[in-house]
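Please build the complex by placing chain S on the supplied structure of chain G, with the hints as guidance.
In order, the protein sequences belong to chains G and S. Note that my numbering has the first sequence beginning at 1, numbered continuously upward. Note that my numbering has the second sequence beginning at 1, numbered continuously upward.
None of these hints come from the bench; they were simulated from the model. Please note: incorrect hints may appear among the correct ones.
[Stated by the list, open to error] In silico PhoX-like links for lysine-lysine, alpha-carbon gap of 20 Å or less:
#, chain 1, residue 1, chain 2, residue 2
1, S, Lys23, G, Lys106
2, G, Lys14, S, Lys23
3, G, Lys165, G, Lys8
4, S, Lys39, G, Lys8
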Amino acid sequence: MKLKVLEKSIDRVKIQLQGISLSYANAIRRIALSEVPVMAIDNIIIIENSSIMYDELLAHRLGLIPLKTDLSKYVLPKDCDCDNSLGCLKCSVSLVLDSGDNDSTKEILSGQLKSVSDTTTIPVNSNIPIVKVAPGQKVSLEAYARLGTGKEHAKWQASNVSILKPTKEEDTDNDYTLEIESTGALSAIEIFVKATEILRNELQEFTEKTGSLKK
Amino acid sequence: MMKPIRCFTCGSLVAEKYSEFDKLVKAGGDPNEVMNSMKINRYCCRRMLLSNVNIIDHVLPFYEYLNQRRAEFESDTL
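Here chain S stands alone, though its shape is the one from the complex:
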């Protein structure tokens, strides 16, 4: 659902590295080189970053819209 906190296999912390990794890759960096520079050496930790999908980002827009509609509805009825 969200970025995993630790690597499933070795247990090292990966969650805090994700946002930097994501930023550098979206800026056009090669994921392999970005991970090398961030010293994520083991392949168990590397797949944690590579294969993650933030499903929460696909779901939250519905709740944002819901909140917006609720505010509109409340201002209409007043």
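With the rest of the complex left out, here is chain G:
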């Protein structure tokens, strides 16, 4: 088995996998798409919204903003021992957004979304427009971000593009190229490493289960 990184940047990685069967390589590709957890806003408490955008639409836009994720700090809500619907410090991050008063029409950007409990979980880019408010209109809300997977909702998809193809024209000697592109929440290489880790854990669990059948 041979691994070779052909291209590497923060949001894109191209890896050549030699001596790995197609099904195994494809499992990594699929896990990168749907099972690597990332942070996204999930619960929102709207304190005031007098903008012309409906609460639902505002909530949807906030959910789609990719947040920088530190996987070592948080656990998935289903693995957390708290029973709180909004989560605890181990499984969620709270953020606040307040447009304040304005004399002219202005755009509210993702940079104004401030993290309360953890300053590292912030939007990947501070220039994402969320809503536009006219003078006299106000938006004030509390948002709770949590880890989730792409299976549940596309906003939790760690990689937006994950492509597997044979390195050479003809598919003969188990030589594939995996291309992963990230939304910025995790770096592309982190997604790849996490995907293999998840696959390993799942296989381990499966082996343990089948082992218990013998008894």
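The following block gives chain S in isolation, referenced to the frame of chain G:
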């Protein structure tokens, strides 16, 4: 209503690129070349920028005027 945050098809972030794209195109740039230079390569993401209409910009002037009228009305009654 406003600039879409992510591409509908692939899910990559497009919202933060829109203002730069808009500025360069309004300055006379060719949309095709502007998108190439901004490294928006897939056609799913390219149509997100090309086909977007900011309806919110058509609606907000009414609220700006409303606010202005309200201020005038308040100063009249005082």
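Evaluated hints:
Pair hint Lys23 (chain S) plus Lys106 (chain G) holds up; C-alpha atoms about 17 Å apart against a cutoff of 20 Å. Restraint check for Lys14 (chain G) and Lys23 (chain S): not satisfied, since their Cα atoms lie roughly 32 Å apart, outside the 20 Å limit. About 17 Å separates the Cα atoms of Lys165 (chain G) and Lys8 (chain G), which keeps this hinted pair within 20 Å; it holds. Between Lys39 (chain S) and Lys8 (chain G) the alpha-carbon distance is near 16 Å, which keeps this suggested pair within the 20 Å criterion.
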